[in-house]
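*Asks:* Build the full structure now, drawing on both the sequences and the hints.
There are 2 protein chains.
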Amino acid sequence: MFESAELEHILSDEEYQQAVPKLREALLAAQYHLLDHQDRSLLIIVGGVEGAGKGDSINVLSHWLDARHLEVHALPLQPSDEECMRPEYYRYFRRLPPKGKIGIHFGSWHSQLILDYAFHRISRNRMDAALARVCEFEQMLVEEGWTLLKLWFHLSKKKQRVRLKTLSQSKQQRWRVSERDWKLLKHYDRLAQVSSRALRETSTGYAPWHIIPGADPNYRQITLGRIVLSALNHHPQSASIAPPVTLLDPIDGYPLLRQVDLNHQVKSSEYRQTLEKYQGQLNLALRNPSFQDQALALVFEGWDAAGKGGAIRRITAALDVRFYRVISVAAPTETELRYPYLWRFWQQVPPVGHVAIFDRSWYGRVLVERVENLCSEADWMRAYKEINEFEEQWRERGVVILKFWLHISPEEQLRRFKQREETGYKRYKITPEDWRNRDKWPQYEHAVSDMIDRTSTEIAPWTIIAAEDKKYARLKVLKTILDRLNV
Amino acid sequence: MFESAELEHILSDEEYQQAVPKLREALLAAQYHLLDHQDRSLLIIVGGVEGAGKGDSINVLSHWLDARHLEVHALPLQPSDEECMRPEYYRYFRRLPPKGKIGIHFGSWHSQLILDYAFHRISRNRMDAALARVCEFEQMLVEEGWTLLKLWFHLSKKKQRVRLKTLSQSKQQRWRVSERDWKLLKHYDRLAQVSSRALRETSTGYAPWHIIPGADPNYRQITLGRIVLSALNHHPQSASIAPPVTLLDPIDGYPLLRQVDLNHQVKSSEYRQTLEKYQGQLNLALRNPSFQDQALALVFEGWDAAGKGGAIRRITAALDVRFYRVISVAAPTETELRYPYLWRFWQQVPPVGHVAIFDRSWYGRVLVERVENLCSEADWMRAYKEINEFEEQWRERGVVILKFWLHISPEEQLRRFKQREETGYKRYKITPEDWRNRDKWPQYEHAVSDMIDRTSTEIAPWTIIAAEDKKYARLKVLKTILDRLNV
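Protein sequence lines correspond, in order, to chains A and B. First residue of the first sequence? That's 0 in numbering that gives the first Met the number 0, and the numbers climb one at a time after it. First residue of the second sequence? That's 0 in numbering that gives the first Met the number 0, and the numbers climb one at a time after it.
Do not take every clue at face value.
Part of the chain A face toward chain B, derived, beta carbon under 8 Å [said to hold, decoys possible]:
(1) Gly99
(2) Arg125
(3) Ala128
(4) Trp342
(5) Pro350
(6) Phe416
(7) Glu420
(8) Tyr424
Honestly, the hints are just simulated from the structure, not real lab data. Ideal placement from N, C-alpha and C gives every residue a C-beta, glycine not left out.
*Replies:* Structural data, given as structure tokens:
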């Protein structure tokens, strides 16, 4: 969930000052529109890491809005005496904003759950049942006309430590840091893992979570303002449960992929040696009896001409042909269109002891189908959760899932396209569609970034492979598989 | 879930023969329409009690339809070897009917779960998590354009025993009864309780369960045909998750309420004595220290002039004024309309140690709001599950919930209306609205019947009170409360 949020997102003071007036004006106008119409209510849920600037940001936001029509509640983790005498959701119901108003809740039905599970006070099944209750409650709110905007303020572990240190060294700010904050920092990894799953499980099409990078105050504030504005301007059609906010392009135009260091290279001699070694190890690992109750699913996505096919061939070279299958995924056939989009992939789930390699995959729904408008926004927004659920089920049955995004620069792609056109036996590999896709590079960058944020999980992680050098990419893919198989 | 299904539903052979030709014709036309358009698929899930005629009925149905475009699967409880090698839902995905076709599954993702939980092989939390997965899967199917029709064939315990006995005494039919059937009969009550909860939890607005009374073959068959026809004729708007089948009026026009014996009477002398005794017992029970971590919520619904107010006063006479509250529920105020419909009732949840008495209640959504079209069908259809969930939460916090439907005949109502008009101090009690409601008696009968079927639960049961004699009704209400409190 937090991949993009951990990037260096920075907005200069100048850019900030420039953005604010227009944003404030638009926010106020949208707030009054809501107030006049009273047909909906906006409920903003604020969660996240300590020190990520939740309080500061919401303070500023409340100055930007008309605070008289804003209801801010800080929900303490422990319910009050009065609340203890009543059922759990009483405390949430009594704080719902009425139609026409905006409510902001610090903490929510998610917070206590995340802590309880992180500190092993409840079982996994109890957690899952409670998360399902959360989804039902949220779906009911949405169907009753509430717009739910769920915001998670994130800081990396390193940044959180620095932040707490800086605060506690400042005489004016020292009070902000409590014993508890330091304690939670110690459990950062566990909390991040549990939060990430809880967020994913409750990130539905109609009420997705949005992660706000907490490190840079300017960036954080403008991002918050833009998301709230977008949610205020959301006018769902009746009986439709569409997402309240389209996933916004980061304001600094800095998606995940541009961070990738494309300079990795491997020499030919080293490549041959290492390749052979890795292939041998992979072959051994899959012949190990312990693999007989497991399976392996490898997903390859990436830019056209990024070298998916070549990387796949270097893997299959190490496998026994009886136990693997390469599934090339193109646009669905007429038959496949007569089933739910995940159906054709369910047909290809590897049985235990087998390997399935997907050359493109079910991620088509949130990549090409999203970018080319082949399905509605509501459809691809709900797909993130559906896909996570699908992979979680595969994982439960022993399928080890690894997902690779093969990344190259647009320049390198152009070079390869031209080369393909010039080489007779490669000419079939380049089509007018490839050129069209290339024109949509920025939209794809955005879609890939959202995909990785929303579907890179502990059980089925994405690995971005720097593929500018094909040899490096092939070795890196093999090494990632070996690491995951604990070779 | 099974209240209406346990009534004596009978259709004569003559009525049956008369209904069939038209039904068959309509079914075939609808099936070909689906086949021509290929925009949806109908998946019929068949579950229920052994001996309730599932097989026979589906056999006949498949003769009525064009069997070439029908895919019938009998899902064995145990997955095959091939399926065991793959994740759980593989077996369901591979059997999905494509768009344009009708699929019928005997057994489904619910069956194994119900048995596992009934025989204590999985925990309650595990069950809840699995049921949530079922709902997610079904919602995905619906959003992908599948119409889901979930049918549960029911037989009462007594009828099931008779049926198994009859079958095993017939030479031709003996093979139909297995050891397992007799074993399941032994666990009838436990299975009924667990099935009933599983059905409720997965009876969503977009994919509700329909109970088919299994005792009379004619009635069962025609009911099945009508429901399938209705589902085939269902054309959802895109992005809307509306229920596939409006809850059908029973073909024999025999709703739940007409079964009630209204002849009960109590003599005045007996009434006074018993009333005093019951009130004393109730008072004692609520002063018992064991009640301090519990609460009591009493819900009164019923026909206009059925005597709700009088019954409530006989209860409050036994209570300490500091610890109870009577909540009269009328049409929501302007303020209340600005919140989700359950909000105003959450405000009134009794804290532990307290009693809340609702004179009308949250059931307005599935009664007056349904009958008067004050909300959409999708809204009141999803309300059953929302209400069950709401009451389950109250129950978890110790709130004992009892729900009463005060029942009188239309003739008695007329008598009381007239009496009210004639008695000066009672005149305010009768309004033009009461007369209007009276005109919609049959619609209300249907709505009440569905309400009781879908929301009478172990944790919050409905009791239908014969209220033709007010004295009898008042005593019966008190006695029901005392029984529930284990006095």
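*Asks:* All hints, please: hold or fail.
*Replies:* A quick look at each hint next to the structure:
| no. | hint | verdict |
| --- | --- | --- |
| 1 | Gly99 | holds, 7 Å |
| 2 | Arg125 | holds, 5 Å |
| 3 | Ala128 | holds, 4 Å |
| 4 | Trp342 | holds, 6 Å |
| 5 | Pro350 | holds, 4 Å |
| 6 | Phe416 | violated, 35 Å |
| 7 | Glu420 | violated, 39 Å |
| 8 | Tyr424 | violated, 38 Å |
Comparing the model with each numbered hint stated earlier shows that hints 6, 7, 8 do not hold.
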